[in-house]
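Construct the entire structure; sequences and hints are all you get.
full-length UniProt numbering applies: residue 1 is where the sequence shown begins, and numbers increase by one.
Hints are computed from structural coordinates only; laboratory data are not their basis.
Note that the coordinates shown come from a computational prediction; the quantities given were computed from them, not determined experimentally.
Warning: the hint list may mix true and false statements.
Lysine-lysine pairs mimicking DSS-like chemistry, simulated, CA-CA at most 25 Å apart [said to hold, decoys possible]:
{"hint": "1", "residue 1": "363", "residue 2": "563"}
{"hint": "2", "residue 1": "553", "residue 2": "366"}
{"hint": "3", "residue 1": "522", "residue 2": "363"}
{"hint": "4", "residue 1": "363", "residue 2": "308"}
{"hint": "5", "residue 1": "522", "residue 2": "366"}
{"hint": "6", "residue 1": "553", "residue 2": "563"}
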Amino acid sequence: MAPDPEQPTLSSLGKVGKSSGEIGGVEEPLLNGGIHTSENYSLSSAIFPGIGLLLNEEGEKVAFGYGETVKKNKRRKLYAVKGKEGEGLVREVMISMLTLNTFYDHLEFCHLFLFPALGGLLYGYDIGSTSCATISIQSATSSGISWYNLNSVDIGLITSGSLYGALIGSVLAFNIADFLGRRRELILAAFLYLVGALVTALAPAFAVVVIGRFVFGIGIGLAMHAAPMYIAETAPSPIRGQLISLKEFFIVLGMVGGYGIGSLLVDTVAGWRYMYVASTPLAVIMGIGMWWLPASPRWLLLRAIQGKGSMLELRETAICCLCRLRGDAIGDTAPAKVDEILAELAVVGEEKEVTLTEVFRGKCLKALTIGAGLVLFQQITGQPSVLYYAASILQSAGFSAASDATRVSILIGLFKLIMTGTAVLVVDRLGRRPLLLGGVSGMVISLFLLGSYYIFLDNAPVVAVVALLLYVGCYQLSFGPIGWLMISEIFPLRLRGRGLGIAVLVNFGANALVTFTFSPLKALLGAGILFYAFGVIAVLSLLFIIFIVPETKGLTLEEIEAKCL
1 MAPDPEQPTL
11 SSLGKVGKSS
21 GEIGGVEEPL
31 LNGGIHTSEN
41 YSLSSAIFPG
51 IGLLLNEEGE
61 KVAFGYGETV
71 KKNKRRKLYA
81 VKGKEGEGLV
91 REVMISMLTL
101 NTFYDHLEFC
111 HLFLFPALGG
121 LLYGYDIGST
131 SCATISIQSA
141 TSSGISWYNL
151 NSVDIGLITS
161 GSLYGALIGS
171 VLAFNIADFL
181 GRRRELILAA
191 FLYLVGALVT
201 ALAPAFAVVV
211 IGRFVFGIGI
221 GLAMHAAPMY
231 IAETAPSPIR
241 GQLISLKEFF
251 IVLGMVGGYG
261 IGSLLVDTVA
271 GWRYMYVAST
281 PLAVIMGIGM
291 WWLPASPRWL
301 LLRAIQGKGS
311 MLELRETAIC
321 CLCRLRGDAI
331 GDTAPAKVDE
341 ILAELAVVGE
351 EKEVTLTEVF
361 RGKCLKALTI
371 GAGLVLFQQI
381 TGQPSVLYYA
391 ASILQSAGFS
401 AASDATRVSI
411 LIGLFKLIMT
421 GTAVLVVDRL
431 GRRPLLLGGV
441 SGMVISLFLL
451 GSYYIFLDNA
461 PVVAVVALLL
471 YVGCYQLSFG
481 PIGWLMISEI
491 FPLRLRGRGL
501 GIAVLVNFGA
511 NALVTFTFSP
521 LKALLGAGIL
531 FYAFGVIAVL
541 SLLFIIFIVP
551 ETKGLTLEEI
561 EAKCL
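As structure tokens, then:
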């Protein structure tokens with residue numbers, strides 16, 4: 001549990017100071033000789049190894065991070081560095097590319113993010129693979145079953161069975177999250193993913209398929225609840241947004257993978273069984289990985305100050321977990337960091353037990369309004385409806401791939417992946433509000449263009465294609481990743497389990513509402529009026545963001561509670 005005593009300590013890397021309470025926060029020397037808190041993190045240094053250390057004029061080691069530009073002089077093999085506050089005293093520094101000595105053990109930090117994010121990958125894979133499995137299971141020649149003649153209600157149960165399960169999982173998470181903790185909730189989610197996939201793949205009858213889909217969905221509800229909490233509570237604040245947003249990237253990656261594997265197996269005999277069983281190795285890896293990872297130190301400290309265990313034992317356990325999460329970077333300061341967090345939690349009143357009525361009062365109500373409002377608008381601004389029309393829009397524009405729904409899905413999925421990756425790279429530089437405001441503004445324009453296409457401009461399919469791509473791109477820059485990011489960081493710690501449970505329940509409930517009402521509304525209003533209605537809702541969501549949603553960029557979780565609620 002403790003860090004390797006033979007590894008270099010933080011004192012060898014620079015002066016240590018006190019942070020504002022973010023786990024693992026350290027103070028590092030600036031290139032110009034000043035001191036600032038630990039903002040020299042970058043996504044590359046969190047995920048990928050190979051970023052070296054900088055040396056200033058006095059030979060001190062300084063971590064390289066975002067906000068600084070690096071230019072390579074190939075002839076001299078030197079790197080010129082300009083800091084955010086000017087060139088300072090340092091003109092040229094050497095970067096050792098032969099060592100992996102950075103402030104973090106990158107492999108461990110990658111695992112810290114990767115295993116919780118596998119829950120999102122499996123969720124996305126389920127979406128993609130099910131769209132192909134429903135084709136395979138109805139085939140008289142390739143389904144491999146005698147009960148392949150399924151009606152629309154049966155197919156609806158297969159498709160939405162996991163959604164029903166996710167709704168139940170969200171309700172369960174509301175009641176058990178703070179008891180189990182983030183880590184054990186993710187282990188349980190991995191187990192349900194595994195059981196659900198196996199039951200579905202080996203099902204001898206239709207009813208068993210539905211049961212398997214339901215069990216898998218409960219795993220989705222728990223994973224989508226616990227994963228953003230675990231990442232938010234263990235990630236450094238300067239890259240917290242990037243790491244949580246990467247979970248959305250993994251969801252889209254899973255969708256693309258599901259579409260791809262499904263398209264390869266759709267004509268195989270009993271291919272739908274192989275599609276579902278293909279997710280089991282990832283579920284096993286997720287479960288083993290979460291078993292290996294330590295518990296969230298913040299959750300342990302919350303239990304300590306609420307009297308749900310021995311303060312001394314929980315404090316020592318939190319220190320050990322902190323050392324595992326931060327490695328050498330924390331050095332000998334782990335006890336001081338834990339005490340700082342305990343003090344800050346006491347200041348903001350986290351020692352009080354949350355009651356059901358308190359969730360809907362004061363700062364708790366404000367956090368719930370922000371979080372639930374964002375995920376509600378995420379679903380009711382028309383994303384399922386726009387994607388429903390993707391194939392027909394591309395086909396009307398003359399794209400041959402539009403004749404194949406699977407290829408269209410892969411095409412749209414890859415575009416979503418690119419745009420989500422863009423959001424991940426800039427979220428901690430630009431902030432949450434700029435991405436939300438810019439992205440939702442683009443969604444408004446695209447929805448009104450789509451409405452106009454179906455009413456006035458049906459002879460100009462290029463307008464529909466541009467509007468489709470604009471909508472998908474803007475959604476993935478804004479509501480897609482930022483919605484999940486904000487609900488993971490906006491709730492106070494003692495409310496976070498229940499607050500996120502309500503937000504996830506709202507998310508899946510709104511998803512179900514939009515899915516079930518789309519066809520009747522389309523028949524009643526027509527596609528053009530329906531898209532105009534979604535455009536009006538998007539305008540309302542824009543006003544909600546302008547007046548209600550705060551900026552949380554660069555703030556610790558405790559600072560968010562103190563300043564934004």
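Hint-by-hint comparison with the structure:
1. 363 - 563: 11 Å, holds
2. 553 - 366: Since the Cα atoms of residue 553 and residue 366 sit roughly 18 Å apart, the hinted pair holds (cutoff 25 Å).
3. 522 - 363: Not OK: residue 522 and residue 363 at ~39 Å, beyond 25 Å, violated.
4. 363 - 308: 24 Å, holds
5. 522 - 366: Violated, because 35 Å separates the two Cα atoms, which is more than 25 Å.
6. 553 - 563: 12 Å, holds
The structure shown violates the earlier hints numbered 3, 5.
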